[in-house]
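Protein chains in written order, with this note's numbering: chain X, 19 to 131; chain C, 6 to 109.
Hints were generated in silico from the structure; no laboratory data involved.
Backbone N, C-alpha and C fix where the C-beta goes; we use that ideal spot for every residue, glycine too.
Watch out, some of these pointers could steer you wrong.
To be verified - Listing some non-contacts, in silico: residues in chain X with all C-beta distances to chain C over 12 Å:
{"id": "1", "residue": "ALA20"}
{"id": "2", "residue": "THR25"}
{"id": "3", "residue": "ARG27"}
{"id": "4", "residue": "ILE30"}
{"id": "5", "residue": "GLN55"}
{"id": "6", "residue": "LEU61"}
{"id": "7", "residue": "LEU64"}
{"id": "8", "residue": "GLU70"}
{"id": "9", "residue": "THR71"}
{"id": "10", "residue": "PRO79"}
{"id": "11", "residue": "PHE82"}
{"id": "12", "residue": "SER97"}
{"id": "13", "residue": "ALA110"}
{"id": "14", "residue": "PHE122"}
Claimed, not checked - Covered by chain X, per the in silico footprint, the following chain C stretches (three or more residues, Cβ under 8 Å):
{"id": "15", "segment": "22 to 30"}
{"id": "16", "segment": "67 to 81"}
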Amino acid sequence: KAGVTQTPRYLIKTRGQQVTLSCSPISGHRSVSWYQQTPGQGLQFLFEYFSETQRNKGNFPGRFSGRQFSNSRSEMNVSTLELGDSALYLCASSLTLRRGEQFFGPGTRLTVL
Amino acid sequence: KNEVEQSPQNLTAQEGEFITINCSYSVGISALHWLQQHPGGGIVSLFMLSSGKKKHGRLIATINIQEKHSSLHITASHPRDSAVYICADTDMRFGAGTRLTVKP
C-alpha cells in the first residue's frame with residue numbers, strides 16, 4: 019500500500035502571498051490531520067478532517083484553512099503569509115479520527131521570505 | 006506550562022546501552038502516542054498505547070494512566086536509533102521531543 023504523500027515537498031513564498039499544500043492519505047483512510055512543526059514551538063495540531071468535514075481544530079488564526087475531498091485527499095491553505103509561517107507542515111492519515119494510529123507523510127517545508 | 010512534558014531533552018548514549026525516555030501529561034487521556042522523527046523530517050508512529058506495556062523489537066513502551074506517565078525504552082541501542090522521539094496525547098498535544106544520539 020502506498021504511504022501518505024504530500025506535495026510539494028519544498029516551497030518558497032514571500033510575505034503576503036498565499037499557499038496551498040496537498041495531502042493524499044493511505045488508501046482507505048478517511049481521516050487527515052495537519053500539523054505545523056517549527057524549531058520554537060515544536061509540533062502543533064492544526065486541524066483534522068474526516069469524511070469531508072472538519073472535526074477538530076487547533077489554536078491557529080483563520081488564515082489557516084483546509085478542506086477534504088470525497089476521495090479523502092486534503093488541502094490546507096495559508097493566506098497572507100507571515101515570516102512566522104515558515105515551518106514543516108505534516109499531514110497524517112488514519113482509519114478513524116485522530117485518536118487512532120497516525121501515518122505521517124514526509125512533510126512540506128515552507129519558507130516565507 | 007506544556008501539558009505534555011518529556012525528559013530528557015537530549016540524550017547521548019554508547020552503542021549497546023539501555024535507553025529510557027520519559028513522558029508526563031497533565032490531562033487525563035485514553036491513550037498515548039510515541040513517535041520517531043529522523044533527520045529530514047519524516048515521522049513514524051512507534052506505539053499507541055492505553056495501558057500496560059507494548060513491545061516491538063528492541064523498543065518497549067509502558068504507560069501508567071493513573072500516574073499520567075509513560076516511558077519509552079530502547080534495549081541494546083544502535084546508531085540507527087539516533088532520532089528525535091516525541092510523545093503525544095490523544096488530543097495530539099506533543100511533547101518537545103527527546104533528541105537521542107547513539108555513538109558507535
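Minimum C-beta separation from PRO79 of chain X to chain C exceeding 12 Å: can you confirm that?
holds (19 Å)
With 12 Å as the threshold, tell me whether LEU64 of chain X passes as away from chain C on beta-carbon distances.
Its Cβ does come within 12 Å of chain C, the nearest being 10 Å, so this is violated.
Non-interface claim for GLU70 of chain X, where every Cβ of chain C lies beyond 12 Å:
holds (20 Å)
Is the coverage entry for the segment 22 to 30 of chain C by chain X consistent with the three-residue Cβ rule at 8 Å?
Per the Cβ count (0), the hint is violated.
Run the C-beta distances from ILE30 of chain X to all of chain C and say if the shortest one exceeds 12 Å.
Its Cβ never comes within 12 Å of chain C, the nearest being 17 Å, so this holds.
Consistency of the no-contact label for ARG27 of chain X, given chain C and a CB cut of 12 Å
Answer for ARG27 of chain X: violated, closest chain C Cβ roughly 10 Å.
Would the non-interface assignment of LEU61 of chain X survive a Cβ cutoff of 12 Å against chain C?
violated (4 Å)
Minimum Cβ distance from SER97 of chain X to chain C greater than 12 Å, as the annotation requires:
Given a closest Cβ separation of 24 Å, the condition holds.
Beyond 12 Å from each Cβ of chain C, as asserted for ALA20 of chain X:
holds (15 Å)
Run the C-beta distances from ALA110 of chain X to all of chain C and say if the shortest one exceeds 12 Å.
Given that some Cβ of chain C is not farther than 12 Å from that of ALA110 of chain X, nearest at about 8 Å, it is violated.
Are there three or more residues in the segment 67 to 81 of chain C whose C-beta lies within less than 8 Å of some C-beta in chain X?
violated (count 0)
Whether PHE82 of chain X stays farther than 12 Å from all C-beta atoms of chain C, as the label says:
Holds, because the least Cβ-Cβ distance between PHE82 of chain X and chain C comes to about 15 Å, which exceeds 12 Å.
Figure legend: structure checked against the earlier numbered hints; hints not met, in rising order: 3, 5, 6, 7, 13, 14, 15, 16.
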